[in-house]
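Asks: Next come the chains, spelled out residue by residue.
Number of protein chains: 6
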Amino acid sequence: MNAFDRLIAAALDEDLGTTGDVTSLAVIDANLRGRARFLSKDHLVLSGLEAAAGVFHAVDPGVRITWSRGEGSVVEKGEVFGEVEGAARSLLTAERPALNLLQRLSGIATLTRQAVEALGSGKTRLLDTRKTTPGLRALEKAAVRAGGGLNHRMGLFDGVMIKDNHIAACGSITQAIRRARAYVHPLMKVECEVTDLAGLDEAIAAGADMVLLDNMDDALLAEAVERTAGRVKLEASGNMSLERLPRVAAAGVDFVSMGALTHSARAVDISLEMDPFAP
Amino acid sequence: MNAFDRLIAAALDEDLGTTGDVTSLAVIDANLRGRARFLSKDHLVLSGLEAAAGVFHAVDPGVRITWSRGEGSVVEKGEVFGEVEGAARSLLTAERPALNLLQRLSGIATLTRQAVEALGSGKTRLLDTRKTTPGLRALEKAAVRAGGGLNHRMGLFDGVMIKDNHIAACGSITQAIRRARAYVHPLMKVECEVTDLAGLDEAIAAGADMVLLDNMDDALLAEAVERTAGRVKLEASGNMSLERLPRVAAAGVDFVSMGALTHSARAVDISLEMDPFAP
Amino acid sequence: MNAFDRLIAAALDEDLGTTGDVTSLAVIDANLRGRARFLSKDHLVLSGLEAAAGVFHAVDPGVRITWSRGEGSVVEKGEVFGEVEGAARSLLTAERPALNLLQRLSGIATLTRQAVEALGSGKTRLLDTRKTTPGLRALEKAAVRAGGGLNHRMGLFDGVMIKDNHIAACGSITQAIRRARAYVHPLMKVECEVTDLAGLDEAIAAGADMVLLDNMDDALLAEAVERTAGRVKLEASGNMSLERLPRVAAAGVDFVSMGALTHSARAVDISLEMDPFAP
Amino acid sequence: MNAFDRLIAAALDEDLGTTGDVTSLAVIDANLRGRARFLSKDHLVLSGLEAAAGVFHAVDPGVRITWSRGEGSVVEKGEVFGEVEGAARSLLTAERPALNLLQRLSGIATLTRQAVEALGSGKTRLLDTRKTTPGLRALEKAAVRAGGGLNHRMGLFDGVMIKDNHIAACGSITQAIRRARAYVHPLMKVECEVTDLAGLDEAIAAGADMVLLDNMDDALLAEAVERTAGRVKLEASGNMSLERLPRVAAAGVDFVSMGALTHSARAVDISLEMDPFAP
Amino acid sequence: MNAFDRLIAAALDEDLGTTGDVTSLAVIDANLRGRARFLSKDHLVLSGLEAAAGVFHAVDPGVRITWSRGEGSVVEKGEVFGEVEGAARSLLTAERPALNLLQRLSGIATLTRQAVEALGSGKTRLLDTRKTTPGLRALEKAAVRAGGGLNHRMGLFDGVMIKDNHIAACGSITQAIRRARAYVHPLMKVECEVTDLAGLDEAIAAGADMVLLDNMDDALLAEAVERTAGRVKLEASGNMSLERLPRVAAAGVDFVSMGALTHSARAVDISLEMDPFAP
Amino acid sequence: MNAFDRLIAAALDEDLGTTGDVTSLAVIDANLRGRARFLSKDHLVLSGLEAAAGVFHAVDPGVRITWSRGEGSVVEKGEVFGEVEGAARSLLTAERPALNLLQRLSGIATLTRQAVEALGSGKTRLLDTRKTTPGLRALEKAAVRAGGGLNHRMGLFDGVMIKDNHIAACGSITQAIRRARAYVHPLMKVECEVTDLAGLDEAIAAGADMVLLDNMDDALLAEAVERTAGRVKLEASGNMSLERLPRVAAAGVDFVSMGALTHSARAVDISLEMDPFAP
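Residue numbers (the working numbering), protein chains in the order written: chain A, 1 to 279; chain B, 1 to 279; chain C, 1 to 279; chain D, 1 to 279; chain E, 1 to 279; chain F, 1 to 279.
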């Protein structure tokens, strides 16, 4: 079972236990069929369609789902963007965990879109972070892509990011970068976090491929960009907000990363409107 | 493996893959040890201590953790509330997934505390909902308890909640409640959602143990309370906000439930401050 | 994988290992097909049809199964109640674990039906207990339903049952019931076990929803019923036998629970009669 | 996770769900400790000690268990044969699934002992069958050993047993045995089921290592023994009862197999007597 | 999930992680379809067709596979023996793990065929050992069968093999064989390893079913065969090579076992030739 | 359970089934203890120490293991490099799967060391490939490191490798590299396979970070190195042998990759010499 299937299994297991949906089992005839529409109750960017479909199909492979809008689409309040049809019990049982995923992931995509728009049309691109919900990393990173952002590394395994503690343990930025370079396979890059321009200089000299400028103000970011002159990629991080993003873009960094995209997006409001069942 | 262990395994699997934390493997000596303190950077109510500890211990059973503040404690910005000590690599590897859990769960506890305080000292109690993050239900519901709220049913398996679609499928509130009563085991109660006072009357007459008053305004809630006169428990739900809660409490319902507690709490800010490693 | 699939996987794993059914692999041609009928060799109440089908389908999704009698049906000795058709190897491999489930579960349903008939047509209903075979709880509780019994709580998670040790730990029935009431969610009831009438009085006064009368004789049960006068539900338990059940029903309790339904039912005799294979 | 751990996990999962033992969580203080004794309420042969211990340790590795009587011991009604000590919550939570295993497995051992005694001190040995509870095969076969029986093959994977359908598919006993012999590895024997003396003659001539005499009466069994004159091992099966076993032994077969040992043994009565908890 | 599915899942998990095949995701259109042919680049005996197909189907159940040559076929360098057709991404993603299995297993089958041919047409048969790749035992033993060899026992569970350490622990060959005979079920044989003729005599006298002649030279093997005169089966093992096998066969043993079949076979060369994709 | 634990569980499961090591259970007393030494019977480079220890500890956590030589050490024929001590049954049961891992992994490390030595002390470094045994990738790649080689990417997830089919699907090398660059996260490099110098030129111009020179002869490799002049890293692959490696190194490429390191290394000979058990 892959990570996606495990997540859906966990979502259903915690909601159904070994007993199942007692309400639906009690009051809904096993043969009753139903149809329902996904209705947006917010202005939102859609994400999580495959995950929501996965919940319905894990409950009942016979449920039929059709999406009229795709991953990454902007959907207005009041718009219908999909439909499910199948056994009434299955629709009722899968409804809540499917919506829980869809609302959270679309919330992330929607916030990402706002941040991308705040950055404007310059060269600065928006990155996510590892501050994701445990178990949902791949889905939340896909939601960032749906909203127009780029992904940073997926985890600790596919990129080197040297932080203050790594540097302290090695004695210097130079030493940390050298150790990393000697260790990693030839298709993996090395990024180093710095907090001032001296660190930036040292990281570039030691051969970093990319430098994270941590918690620098706009002026310092601009100075870092000028000093670097394109020798390495620059990522700004720390204290980002939608309001500040235009100024960070103006400073000319290659990337801005924002943890809030995934750790503090609010769920958007989506409901599943069932056609009245015939008794 | 139980649900808690599975969640932690999933969190580590998506962050470490089969390769591990390449940065720490590359630059941190395997024998180096470290110590770090959990520092609150917000006014918050703590939750997720056991989950955070579980992450550290899953990475390395030899890490030692001591909490100076307990689950449900109020912690002020700038306060240290715990400490970890162990192999430096293990601390660095576990840091992010542990903080991801702690920040999210403490965010939920903090929002819950605000809502509990908004309700005041009357009889109205705060309930959570099933609008939780897939895979984190038990932890998020524990965070609600840490914040002073009560849990509603844990899932579809341990309580009957009859909603509009169930009623439509049965033809009437009365019929739905009767079917439910006949089906469930003798220690399970039956709650029915209603949208008006006629529904309330019918639900009580049909033998509901508890009634959910859906999307009613404050005046209607008060009227429902008066009419019910304690015959069943009453839960108000829909369109709740911190601002409105005092008025809902004044209406005299037994319970208020808020999905936002779990689906839209913002992560609070917590950092893990490492003592400088000796190179 | 849910609990049902896990059970079937365990049953096949212990019977097949990684080697498989060496006899059928050795002597049965892979292309040979067969057909077989399920034959009852006892008077019985059927249960476990879905489980038996699950075994065949786990061995080979291409096996076709048709049941001519449904779950809960009374089947006489010599009657055929179903048929399987498919690869001869698959039928031979699945036969024993499928029959093991069918015989055990139908044995439970059959004993349950006898107990229900012994209770007669009054208000007293038959409940099962948690004395089930590890791993088979859901199936055995479904067999009790197939036989006409009701289920008690499914496990420790969906109902409160306060027993002697809980009471001792709290100091009194009253204190135990108060603690339970304060802890549980609003849709869960509280049952308390008592051994005498003073305990019954205390449990009712403390707010129990249901009381288990443990090991009381028929006269005491009747006295408890009279004293309670419908204020709470009453369950009689301990030393039940088919012979005694009419007297317990006459005492007027709401429920009787019997562990023997699941822990001591004898397997009924069912065989799978294969049509002669063409060599 | 091996089969034993999976069974215990399944037993706890179906009893605890993701919520746990709500009664003990509600009314028992987390720090309260307790002690309890395993008390036999029947004359029985003990089996399942390791399984019962496994349940307690899966709930709480800190529970301490000491057995005063060993696997296979005869224990009289009223005797104590073991003790557990640990957190009161853990003892209460593990009690029922541990007893469910112990009562069932000791029931099998007890019935096996009766059958072994019925066979007497001659050469005929008692075998079990594959008619075991799904998921419990290894434990139930160990219970048969505890009761003094021998195990037959553990599953379809470690011995060849040619039955009527295999013979039909091959055209003859001779052909079936030849195919089996050519297929199996050199350390595996081939047994063939026969229903008459002609079949016995053919099986021996074709090179069977062992022959199962199916549903033969005592006289025919004796004739088969005489005719075989020790050339192969003989197993009698079908319609066995404690009453008949002495006659089957007198017929002189090497083995008798009885499905009832595992599919129809009654659970014996064992209780876990807790010392009164201090409130 | 059975052992076969677990192996394929492990192979894909270690190759894809939670991120997937980034190259194909990046550069291959999701709708592009492709076709490819399995091309042998060695003279080889085919094995692993089902395993290779399992990899493709685990990646994408929609891939269609047709084999023009079967398991155990001799395929010449330059011959095509199968074809896959499906989504281009799926073919590219599954290619390497499928080939890894096919090349290794066909390598084993090819070496086995050489050894079988070296033994010649006499009575001596070739056996494998337990020196297989962890996790691939069943597949590697099937490859030995595909190459014309026989399997020895599958593992420690389905046959008794008494070695020097067992003998030392028991005090004598006789004692070890007696203990084994008393323990094992009636369809399992007992083999004993010996290093000289005295050991052979003792093993036969003690009732071994089969004797392994360990590290004996050709002359000693011949003497052992003569002395045994067919009373038990004889297996020669140790220091086997393709060159020596004819002499071992000439010595007249029943079986020769070679660990090198599975632990040191070289992978044969097989490629998957894709038709050029249309851009 | 992580990949390492899953592999060990699979190795034990296929060897032990649900029955266990019947020989040791039958003939070795449960209380007997033993001690054994790992003895090298080849000149070898050690790898797999942790894996072998993992097998012993999975069988019995009480086994004590001490290694006198470390991962990557050269061990001569006849040298002892470690010792195990514990229950005799546990040592005998774990012996074969532990040795299977140790012999295979040390075989890979030994072959790698030979290849590294053949490359000499120049700048050319040895890389492994994805041609590993399914389920053993991480262990086999660690064995390559133990032998002095470098790892290439761990799987399809942590590096981009554009091959002929990807290029065909995109229409050109340029287009494929552009698509890859746009897709991957900022810490992942892009490598492109080329078969001639025109391809090399195009790949460099399109922005590849590294180029794989596929199946080029020594002269062409040297020309590619000269032409590239250090602008990108160069990897030579295809038709490598120990004999050819010095010439490839002389051509001046940065890396050579060899599939044979993992797919065709012969197992080295290692035995576990037990001290004679006292009977």
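Simulated from the structure, these hints should not be mistaken for laboratory data.
Please note: incorrect hints may appear among the correct ones.
Copies of the same chain look alike in the list, so a pair counts if it works inside one copy or between any two.
[Stated by the list, open to error] No more than 20 Å apart at the CA atoms, straight line, and that leaves these computed lysine to any residue pairs for SDA-like:
hint, residue 1, residue 2
1, Lys233, Leu197
2, Lys233, Arg178
3, Lys233, Gly207
4, Lys233, Pro186
5, Lys41, Asp214
6, Lys233, Ala206
7, Lys233, Met210
8, Lys123, Ala36
None of these values were measured; they are calculated from a predicted model.
Asks: If a hint holds in the structure, say so; if it does not, say that too.
Replies: Going down the list of hints, with the structure as the test:
Taking the shortest alpha-carbon separations for Lys233 and Leu197, only the intra-copy value of 15 Å comes in at or below 20 Å, while the best inter-copy value is 30 Å. For the homomeric pair Lys233 and Arg178, the shortest alpha-carbon distances inside one copy (18 Å) and between copies (18 Å) are both at most 20 Å. Taking the shortest alpha-carbon separations for Lys233 and Gly207, both the intra-copy value of 12 Å and the inter-copy value of 15 Å come in at or below 20 Å. In this assembly of identical chains, the alpha carbons of Lys233 and Pro186 lie at most 20 Å apart whether taken from the same copy (18 Å) or from different copies (9 Å).
For a Cα distance limit of 20 Å, the shortest separation of Lys41 from Asp214 across copies, 17 Å, qualifies, whereas the shortest one inside one copy, 38 Å, does not. For the homomeric pair Lys233 and Ala206, the shortest alpha-carbon distances inside one copy (14 Å) and between copies (18 Å) are both at most 20 Å. Taking the shortest Cα distances, Lys233 and Met210 sit within 20 Å of each other both inside one copy (5 Å) and across copies (18 Å). Proximity of Lys123 and Ala36 under a CA criterion of 20 Å is satisfied in neither setting, with 43 Å inside one chain copy and 38 Å between copies.
Violation of the numbered hints given earlier is confined to hint 8; every other hint is satisfied by the structure.
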